[in-house]
Amino acid sequence: MRIGVVTSTAPLSQGLHRDLARGLEAALRAHGHRVERILLPVAFGRDLLEQAWAFRAIALTDNFDRIIALRPPAHLVVHPHKVLWLSAHDGYGGVPAEDGAALRLAVADRTALLAADRVFATSEAAAERWRQRAGLRPGVLPPPAPAPCLAPAPAPGGRSITALHPGPSTADAGLAEVTAALRLTRPEVRVHFCGGANDPLVLEEIALRAAVLPPGRLLFDRDRPSPPWLAALMAEARAVLCLAADDDVALACIDRAAAAGLPAIVNRDCPAAMERIVDGETGIGIPLTDTRAIAAALDRLAAEPAWAAAMGEAAAQALAARPGWDAVLDAMLGA
Amino acid sequence: MRVLVLNAMVPFVWGGAEALADNLVRNLRAAGVEAEQLRIPFQWYPAERLLDEMLAMRCLRLEGVDRVIGLKFPSYLVPHPNKVMWLIHQHRQAYDLWDSGQSELLQFERGPVIRHAIRAADTTSFAGCRALYTIASNVADRLRRYNGLAAEVMHMPLNEPERYPGGEYGGYILAAGRLAGNKRHELLIRAMVHVRAPIRLVVAGPADLPGTADRLRGLAETLGVADRVTVDARFLPVEELAGLMNNALAAAYVPSDEDAIGYVTMEACQAAKAVIACTDSGGLLELLEDGVTGFVVPPDPVELAAAIDRLASDPALARRLGQQARAVFEARDINWRSIVPKLLA
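Quick note, the sequences are listed as chains A and B, same order. Mapping the first sequence onto the working numbering, position 128 (from 1) lands on 128, and the numbers just tick up by one. Mapping the second sequence onto the working numbering, position 338 (from 1) lands on 673, and the numbers just tick up by one.
Excised from the complex, chain B in its bound form:
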């Protein structure tokens, strides 16, 4: 079988969605099929462009492939008779963010038209798929609510779990992941103002935009916590990043309404690290439980500082919650051997 994984590309941005697509192709090949990924550039601004972007995807043609696996808007709109969707996310500006008043489309006169076009194109495309899967429950919920379509949740597996055996419980909290606005590293830096324990915050991940790392460092400087905050915006080799995770006291991952459990969460759990998350962090809350796998607190610097202080002042608690996080994660048994056959069926 010849399989094409279609993904959207935001040039020079690399995060969980890109890692998922790479890992998917690797595991398809390991299962004995010919597979590759094509990443099609996507620009979502200005909003009027979205119509052109969608139409362009509909005008592309594929030949010589038996199965297409679609992941992200709008690349999943490229026509193919044997398409399976493993949905990372739709263009949420036309869905829940519209309803909550946070959508950029609301600022445009033609916003309602664009929103309608996105929803109609999605519904038509998804309805024509052989099967619908999503990477998290919240994504499936949105699909059911807005498009009237049922999807099975199929969480993305952690690749190379052997890289995360755990290690020391060192003197820092690791905040890994892309440096992007919705990841809210800023919130953690603000929390450090209120942290009393002698613990450092290590922010490690590539920045989506130039200047992000300097802005975060500047914030730490302004708040007087620069001596306790490290911002490493390099694209770290996986072994170095794994080493940071394995030897952290705990992990902090506080995105706003994430669409998945997220690699950072899974890596932390596998490394037996307690995870600090927020009550509005979205998909990762499918795995994390307050007081069991770490702490889930409101997105407030003082609340986050209290969680950090609890772990920093009681290493035994950090260790125990970390081991529970690993147990909870491993009990889920999220693996490629069950995912690949479904995508190829």
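This is chain A alone, in the form it adopts within the complex:
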């Protein structure tokens, strides 16, 4: 079968949508299908009707027997045999209501879901958001474990990084709050940010925040890490900061942490992220508005390495227990 795996993306970004697209492509090819992975650019927050129309106008019907569409507005692409696998919908990052765009996009969303052969969500939280937005509740199909590309073994010198932020950072990634919390934590707490950022100003802000802290508390790399570099950092870390409110970014981060045997520290305001962990057992949920609570969580990770290790192990086991790609393909393509 000729299958197109379509997702929207910001150029040079990362996130669950890219992980799923890659994973689907590999799994489908392994099952003998011909596959094209199609990443269509999107910029949320402006000209959304125009962009939505563009997604609908791109011709896919002749060249593909089936389309699997992921991140909105890829769900709007037109094809007679379309399967949707959606993360949470945040209303396209804010739509100006005055020109009727919000209503028209909501109608387009519902139409797209009705036109699809099958509709899945990546989490219960995402399914509920889609129910609220489009009036249809997708089935839940959790993403399989990502390829274990990261080294799970601890570094020989022990895990000296209390929490690693693998980036990339956006304004809502919680780094400002974590930096504020570092003023309250025990002196041995170290946070390492290594992910780069789409916006250079975010990097400058982090650099300024790092500069006012005692040396060594907030380690800061401007460049995005290569896979071996990230693996080395993971091997030194006790936990991974996955604080994005956007579940597409947060879930990818949580699953990568679990694949490396590390617990994730997640944003309590991201329901999909909270759904993915068992608080205190496979990860930690923190309220970003409570600096003292963030500091307390970091302090406990620093003081109780065995607790951190046990959570990481439990996270890895939970991830391994999740259905694999064969189950995903059965759900999407099965009779």
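Everything labelled a hint here was simulated from the structure, so no lab data went into it. Incorrect hints may appear among the rest.
Said to hold, decoys possible - A few chain B residues facing chain A, derived, Cβ under 8 Å:
hint: 1; residue: 349
hint: 2; residue: 396
hint: 3; residue: 400
A virtual CB, placed ideally from N, CA and C, is assigned to each residue, including glycine.
With chain A's structure known, arrange chain B on it following the hints.
For chain B alone, kept in the frame of chain A given last:
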């Protein structure tokens, strides 16, 4: 710097343009910039769709990138304030093919409107670019003639030239490249009817459309040359394809009005193989010269057969022309280290 390479995608087709885009991204990253390619599906039929395709590109939005490098129609129409064009080709149905009466647009009542829209969109988009480059002189000529814009020619480099050190001068002519109508492998199979020397033709490359390989094999069967023609339509690993090139007696590459020198030409020259091409093969004639780098003959089976016979009956000539082809190619010194800074300037 964050760089996005924008390319058009014809699903399940992989050829020189796709290889160029991949190699470009690889070399941008090697130069220390963050880079990736987005390939946007393109369907050119029916002709009325072209307007939607162009408008869709204009309606897409980009964020978080400092530089866009556009390669092919219509993906290069996506707006960005810092766009550089390295043009592989425009939609030629609206340009030279229209003028020569070969354009499919001529069959449509709205053809003139569509042609005008394509030209206007191209001119507007190109005029707003920071810089204009093309991969071959014929592409730059069309840009000057139809859009009134000057562009610098920047040939695409051969990636991994070390894979093509040359080797034996074996008993076959290699016709590599995508199996597509404009590559005219059929012409070479027809030529084999007239070839007298005991030489084989090996056609190797993935087919754009299902059934192409069987059609070519059927043609060889019908013409009674199946025992001397091999059609391998697999997507061959690069090392296997390089091995075929390194050990061929010579290469034959006879596309119709190609827009570039072409990877096949460059690989053959690097491997010190004489190249048989046609007088209407387009961009590769910027490099190839009749009697110097091989033979450039009219697109006629008898003429092609004569060229093949000359090389097959005189291996020393094949070797000498091949070595000259390598010298001519290497003298061009086409390389990424001079291209990347221009695209990022």
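So, going through the hints one by one against the coordinates:
{"no.": "1", "hint": "349", "result": "violated, 10 Å"}
{"no.": "2", "hint": "396", "result": "holds, 4 Å"}
{"no.": "3", "hint": "400", "result": "holds, 5 Å"}
In terms of the numbered hints stated before, the structure departs from hint 1 and from no other.
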